[in-house]
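Trainee: Letter by letter, the chains look like this.
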Amino acid sequence: MSLLVAEGVTKTFAGISALDHVSLDVNASEIVGLIGPNGAGKTTFFNCLLGILKPNSGTVTFDGRDLTRVPTYRRARLGIARTFQRIELFSGMTPREHFLVAERVRNGKGKLWKDMLFLGMPTAAEKDKAAAMLALLGLEAVADRPVEALSLGVGRLVEIGRALMTQPKLLLLDEPSSGLDRNETETLAGKLRALQKEQSIAILLVEHDVELVQSLVERVFVLDFGTLIASGPTAEVFAADAVRRAYLGDLV
Amino acid sequence: MQQLISNILSGMSYGSVYALLAVGLVLTYKTSGVFNLAYGAQAFVAGAVYFDLRVRHAWPIPLAFLVAVFLVSPLLGVFLERALFRYLRTAPPVARLVTTLALLVAIPQILKLWFGQNPQYGTQGIVPNGDHAYNPFGTVFVNRDDIATIVITIVAVALLTLLFRYTALGLRMRAVVESPRMTELAGIDADKVSMASWMLCSVLAGLAGVLLAPLFAAVSEINYTTLVVVAMSAAVLAGLTSIPIAFFGGLALGIVGEVVDAYLPTNSVLASNLRPALPFLVLFLVLILSPSLRNKRELTDPLAGVDPPRPPPAAAVRSRFLTNATRAFGAAAVVIAGYYIFFHAASNWRDVAIQATILATIFLSITVITGMAGEICLCIATFAAIGACTTAQLATRFGMSVLVAMLVGAIIAAAVGALLALPSLRLGGIFFALATLAFALFFENVMVKFDWVGGGALPEAAPRPQIGSINFDTSSNKAFLVLCIVVLVIVSAVVYAIREGTTGRVLAALNGSEPAAASIGVSATRARITVLALAAGIAAIGGGLLAMYEGSVNYNPDFVYFQSLFWVVLVISLGSRTIEGAIQAAIGFAAFQIVILNQVVPWIVNHVQPWYHMGLPPQTLAIILLSIGAFTYAKHPEGVLEFQKARSLNAIQRGIDRFKGTDNRTESSGELAPPSEPFSPAPVSGSS
Numbered sequence: 001m002s003l004l005v006a007e008g009v010t011k012t013f014a015g016i017s018a019l020d021h022v023s024l025d026v027n028a029s030e031i032v033g034l035i036g037p038n039g040a041g042k043t044t045f046f047n048c049l050l051g052i053l054k055p056n057s058g059t060v061t062f063d064g065r066d067l068t069r070v071p072t073y074r075r076a077r078l079g080i081a082r083t084f085q086r087i088e089l090f091s092g093m094t095p096r097e098h099f100l101v102a103e104r105v106r107n108g109k110g111k112l113w114k115d116m117l118f119l120g121m122p123t124a125a126e127k128d129k130a131a132a133m134l135a136l137l138g139l140e141a142v143a144d145r146p147v148e149a150l151s152l153g154v155g156r157l158v159e160i161g162r163a164l165m166t167q168p169k170l171l172l173l174d175e176p177s178s179g180l181d182r183n184e185t186e187t188l189a190g191k192l193r194a195l196q197k198e199q200s201i202a203i204l205l206v207e208h209d210v211e212l213v214q215s216l217v218e219r220v221f222v223l224d225f226g227t228l229i230a231s232g233p234t235a236e237v238f239a240a241d242a243v244r245r246a247y248l249g250d251l252v
Numbered sequence: 253m254q255q256l257i258s259n260i261l262s263g264m265s266y267g268s269v270y271a272l273l274a275v276g277l278v279l280t281y282k283t284s285g286v287f288n289l290a291y292g293a294q295a296f297v298a299g300a301v302y303f304d305l306r307v308r309h310a311w312p313i314p315l316a317f318l319v320a321v322f323l324v325s326p327l328l329g330v331f332l333e334r335a336l337f338r339y340l341r342t343a344p345p346v347a348r349l350v351t352t353l354a355l356l357v358a359i360p361q362i363l364k365l366w367f368g369q370n371p372q373y374g375t376q377g378i379v380p381n382g383d384h385a386y387n388p389f390g391t392v393f394v395n396r397d398d399i400a401t402i403v404i405t406i407v408a409v410a411l412l413t414l415l416f417r418y419t420a421l422g423l424r425m426r427a428v429v430e431s432p433r434m435t436e437l438a439g440i441d442a443d444k445v446s447m448a449s450w451m452l453c454s455v456l457a458g459l460a461g462v463l464l465a466p467l468f469a470a471v472s473e474i475n476y477t478t479l480v481v482v483a484m485s486a487a488v489l490a491g492l493t494s495i496p497i498a499f500f501g502g503l504a505l506g507i508v509g510e511v512v513d514a515y516l517p518t519n520s521v522l523a524s525n526l527r528p529a530l531p532f533l534v535l536f537l538v539l540i541l542s543p544s545l546r547n548k549r550e551l552t553d554p555l556a557g558v559d560p561p562r563p564p565p566a567a568a569v570r571s572r573f574l575t576n577a578t579r580a581f582g583a584a585a586v587v588i589a590g591y592y593i594f595f596h597a598a599s600n601w602r603d604v605a606i607q608a609t610i611l612a613t614i615f616l617s618i619t620v621i622t623g624m625a626g627e628i629c630l631c632i633a634t635f636a637a638i639g640a641c642t643t644a645q646l647a648t649r650f651g652m653s654v655l656v657a658m659l660v661g662a663i664i665a666a667a668v669g670a671l672l673a674l675p676s677l678r679l680g681g682i683f684f685a686l687a688t689l690a691f692a693l694f695f696e697n698v699m700v701k702f703d704w705v706g707g708g709a710l711p712e713a714a715p716r717p718q719i720g721s722i723n724f725d726t727s728s729n730k731a732f733l734v735l736c737i738v739v740l741v742i743v744s745a746v747v748y749a750i751r752e753g754t755t756g757r758v759l760a761a762l763n764g765s766e767p768a769a770a771s772i773g774v775s776a777t778r779a780r781i782t783v784l785a786l787a788a789g790i791a792a793i794g795g796g797l798l799a800m801y802e803g804s805v806n807y808n809p810d811f812v813y814f815q816s817l818f819w820v821v822l823v824i825s826l827g828s829r830t831i832e833g834a835i836q837a838a839i840g841f842a843a844f845q846i847v848i849l850n851q852v853v854p855w856i857v858n859h860v861q862p863w864y865h866m867g868l869p870p871q872t873l874a875i876i877l878l879s880i881g882a883f884t885y886a887k888h889p890e891g892v893l894e895f896q897k898a899r900s901l902n903a904i905q906r907g908i909d910r911f912k913g914t915d916n917r918t919e920s921s922g923e924l925a926p927p928s929e930p931f932s933p934a935p936v937s938g939s940s
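First to last, the sequence lines map onto chains A and B.
Those letters in the first sequence? Residues 1 to 252, per the working numbering, in order.
Those letters in the second sequence? Residues 253 to 940, per the working numbering, in order.
A hint or two may mislead.
As the list claims (entries may be wrong) - Distance ranges between label pairs, derived from CB positions: (1) B/Val656 - A/Leu117: 14 to 22 Å; (2) A/Asn38 - B/Gln896: 48 to 56 Å; (3) B/Val586 - A/Leu117: 23 to 31 Å; (4) A/Arg193 - B/Lys912: 44 to 52 Å; (5) B/Arg906 - A/Asn27: 56 to 64 Å; (6) A/Phe118 - B/Ile908: 28 to 36 Å; (7) A/Asp181 - B/Gly582: 45 to 53 Å; (8) A/Ala124 - B/Asp603: 41 to 49 Å; (9) B/Arg334 - A/Thr227: 53 to 61 Å; (10) B/Ile904 - A/Gln167: 43 to 51 Å; (11) B/Lys444 - A/Ala124: 54 to 62 Å; (12) A/Arg86 - B/His309: 57 to 65 Å.
Keep in mind that the hints were calculated from the coordinates and are not lab data.
Predicted model, so just to flag it, every value in this text is computed and none were measured.
Built from N, CA and C at the ideal position, the CB exists for glycine as well.
Whenever a hint applies, use it, and build me the whole structure from the sequences.
Mentor: Right, here's the structure in full:
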C-alpha cells in the first residue's frame, strides 16, 4: 500500500507554472528518488509535500489521510521527517541536544505546567535514545560540541539523526549530497542504506547527483520544467531517451 | 465643508513632517539595516538646537536653521555611525534594535542636561510671523508655518528622489542595502556609503525636528517621540522598503489624524482618551493588519552565511569543580549580605533589598522573553502595571486577600499577554517589538485613565498582606522582605524549570532555526503565545508586589512605557540569558542607586564646580550611564556581566589546569578547536 500519494499537484508562481499535474507515490519502507535538472521544480514539489507551499490544485495524502489542511508541524507529527538542502540546525545547541529536543517533541511533552513543576527534565530513557542515535550515526566524538563547530558533512548527519528521532514513517531528503565531496557522499549513502534497512522507513530522495540516486533507489521519478517526464525502476528510467535529453541535451 | 478643508490643510503640515520622518526611517533601514527607534530623539536634538539659537539667542532664521539642520544634525548622524552602527552592520537585528532603544533612552536625557529639564515654551517656525494665517477661499485658514512646512517637504523629497535616481552615491547606497559585503567586494567603501546615508537621514530628522517645533506650544521630547510613532506606522505600511509609500502614507496619516480628531465627540471619556492614543492605535493596527509584513523577516545580508561560527559559550569549557566553587561563593555572598541587611544594617538598606528583589522578579520576565525566546518585548512595565492594578483593585474594592489578588493579576496579565501574542504572531523581531511598544503606549494613554484600571484621580491603594498572625506591615519591612525573597525564589525556580524543561529546549530550537523546528513538529504559534503569557504573568507578580510595597499603584513613575525600555536595556546589557543575570541586574541597579547616586554623585556635584552648576539629577545620570552600557550588547549578547564573569572564571580555570599540569585543552584560549576528523569515512554497520 502506498504511504505517500501526491496526485496532480499543480503550483504556479505569478502565472509561471512551476509544477504541472505532478503525481508521485512512495510505498512503505521503500527508497524512491526524485531527480531533475536545476529549476525543474523539485524543491517546489518538496515544499508542497510539506505544506510550506500551498499547491493550486492536487492532493497529497499520507497514510490514507488527506494533508491539504494540515500545517507543516502537524505533518511532522504524523510521521513525515525531512532534512534541508541548505543545512538548518539549531545554532548554539549540541548534536545531543538536537536529538533530545526532537525526542521530547515527539513524545508531546511540551506541557508548560509540567515544566513548571520540574517534570519536564529529560528522562533516562530519552537520554539513552539520544545516545543510541549518536552511536548509530557515529557522532559520539562530537556529541557535546555546539553545531557551529561541525563540518557540513557532520551537520548533515545531525540533521538526519534529528529527523530520525521523530520516528518517521517517511523521510524526505532534500539534496543531501549538496556541498559534500565524493568521499563524504559515499559515506552518507552507506549510512542511509544501513539505516533504511534497520528501521524500515520509506525515503524520498530529492537529488541531482545521478550516481547517488542510482546507487540508492529502487524507483525514480524525473521532473523537468515542472512536469513528470519519466518514472519507473531506476535502470529503465536512466536508459530512457527523454531523461538523457533533459540531462544531457539533444546531442546524445 | 470649509471646516473639512481647513482640517485637511492643517493635517497636511503634520502629514509632511510624518512623511519626512517616515522616509528617513525607511532610508536608514534600507541603507544600514537599522530600524532607528531613536529617530524622534534625533529630531528632538535639532528642534532643541534651533529653539536655543533662534529663541534664546535671537539668531537670524537662516543661520539658526542652517546650524540646526545642516551642521548639528549631520554631525550627530556621523557620530552615531562611526561610534556605533558601523560595527553593527553584521550584528544580529536584535543587537541593532537594542542599540537604538538605548539611544532613544539616552539622547534626550543627555541633551536635557544642556537644554534644561522642562519643556521650553515659545516655539518659533522657520518663517517670520509663522502664525499669520492666510484666508484664500473665504473661511479656510492656512498659516505661514504650514505653507513653509509643506513646501520644504516637497523640495526635500524631490531632491532625495533625484539623488537616488541620478547620482553615483544614490546607486551605491542602493547597492549597500542589498549586501554591504558584496558591495565591498565590488570595490566600494561600504563604510563611506553608510556614513553618507546616516548623514542624510539625520538631516531629514533635523528638518522634521525644526519644522515640527511651531506645531506645538513647547519643545519637549515627548512630542517628538510620540510623533515618530505615527511616522513608524507609515514606514511599516511601506514594509520598510518603499520610500514613496512611506511618504504618501505619512501624508495620509497626518490628514486622517486631523480629520478624525475634528470629528471625535469632545464630551465622551472614551473619545478624549482615544485622541492622544490615536498614533499608537494606528501603529498597532497597521502592524497586525498590513499583509506585507506577514512572515517577513528582517533585512539580512545574503552573504551573512560566510561569517565564522560564533565561539562556543565560555561556560561550556569550565570544570565541574570551578562551577560548584562559583555557586558556593555566590550563595555565601547572598547569605552574608542577607544576614547583614536583616540584623545589622539601617532600615533603608532593607528598602533597597526589597526593591532589588521585586525588580529581579520583574526582570525574570525579560529573561523568559528575550533570553529564552529571543524576542524584544517593550511592554514589560505594562504587564507589571496590569498586575499592580488588579492587585490593588481586587484587594481594596472587593476585599480579596491581597496575595490571592496578586495571583489573579498574574492570570489576567497572562491572558492579556496571550491575546497580544495572537495578532502579533507572524511579526518577527522589530515588528514584534514595535507592536508591544504600541500596546504599552495605548495602555498608558487610554486604559490607565479608566477608573476600573488606574483607579481614577488618586492612585489605587494596595494593602500589605497578612497571613494568620504574620503581619507584613510597613513597621519593620523584615517580614515583607522575606515574602519578596520567597516569591523571587519560587519564580526563579519556575523559570529555571521551564528553561531546562521541554519548553526551554523548544524555544532554543525555534531560536536556532524556525523551519527546522517545524520539521520536528514544533508549533511556533503555541510556543510564542506560551512565552508571552508566561512573561506577562511573571511581570504582573512583580508589579503586584511593588504596589503592596509602596502602598498604592503609582503608575507614574513605576510603570510608564519608558520604564519598559529602560528595564529591557538594563537587563539585556547585563545578562538576559540566565536567571542570575536578571538578579544581578536588579541588585546592580539598586546598589548603583544607593552607592553611586546617593553617595558618590552628590559628593562630586558638591565638590567639583562645573558639575555643581549643571544641576544634574542623579536619576538622569543613572539612565544615561546604564543605557550607554547597552551599547556593549552587540559585542556581548550574553551581557557584559556574564561575559566578564566567564572571562575571569576561564582565567582561574586555566590557572588551575596549569597548576595541576593537566591542561588537555587548547593552549591559546578556552575556545574549542574544530573537530580534527571532519567526517569518519568508515561506513557504519548496524551494530556499530
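Trainee: Just to be sure I understand the hint, the distance between the Cβ atoms of A/Arg193 and B/Lys912 should be within 44 to 52 Å; is that true here?
Mentor: 47 Å, holds
Trainee: Note whether the CB distance of B/Arg334 and A/Thr227 lies within 53 to 61 Å or breaks it.
Mentor: 56 Å, holds
Trainee: Tell me if the beta carbons of B/Ile904 and A/Gln167 are separated by a distance inside 43 to 51 Å.
Mentor: Given about 44 Å between the Cβ atoms, the range holds.
Trainee: Lying within 54 to 62 Å: is that true of the beta-carbon distance B/Lys444 to A/Ala124?
Mentor: The hint (54 to 62 Å, Cβ to Cβ) holds, given that B/Lys444 and A/Ala124 are roughly 59 Å apart.
Trainee: Given a hinted range of 28 to 36 Å, is it respected by the beta-carbon distance of A/Phe118 and B/Ile908?
Mentor: 32 Å, holds
Trainee: Taking the beta carbons of A/Arg86 and B/His309, is their distance inside 57 to 65 Å?
Mentor: Taking Cβ atoms as reference, A/Arg86 and B/His309 lie about 60 Å apart, which means the hint holds.
Trainee: Are B/Val656 and A/Leu117 spaced within 14 to 22 Å by their CB atoms?
Mentor: Holds, at about 20 Å.
Trainee: Range first: 56 to 64 Å. Now tell me if the beta carbons of B/Arg906 and A/Asn27 are that far apart.
Mentor: The hinted range 56 to 64 Å holds for B/Arg906 and A/Asn27, with Cβ atoms some 58 Å apart.
Trainee: Can you tell me whether the CB distance of A/Ala124 to B/Asp603 sits inside 41 to 49 Å?
Mentor: 47 Å, holds
Trainee: Using the beta carbons of A/Asn38 and B/Gln896, state whether their distance is inside 48 to 56 Å or not.
Mentor: 50 Å, holds
Trainee: Are B/Val586 and A/Leu117 spaced within 23 to 31 Å by their CB atoms?
Mentor: 25 Å, holds
Trainee: Look at the Cβ atoms of A/Asp181 and B/Gly582 and judge whether their distance stays inside 45 to 53 Å.
Mentor: 49 Å, holds
Of the numbered hints stated above, none is contradicted by the structure.
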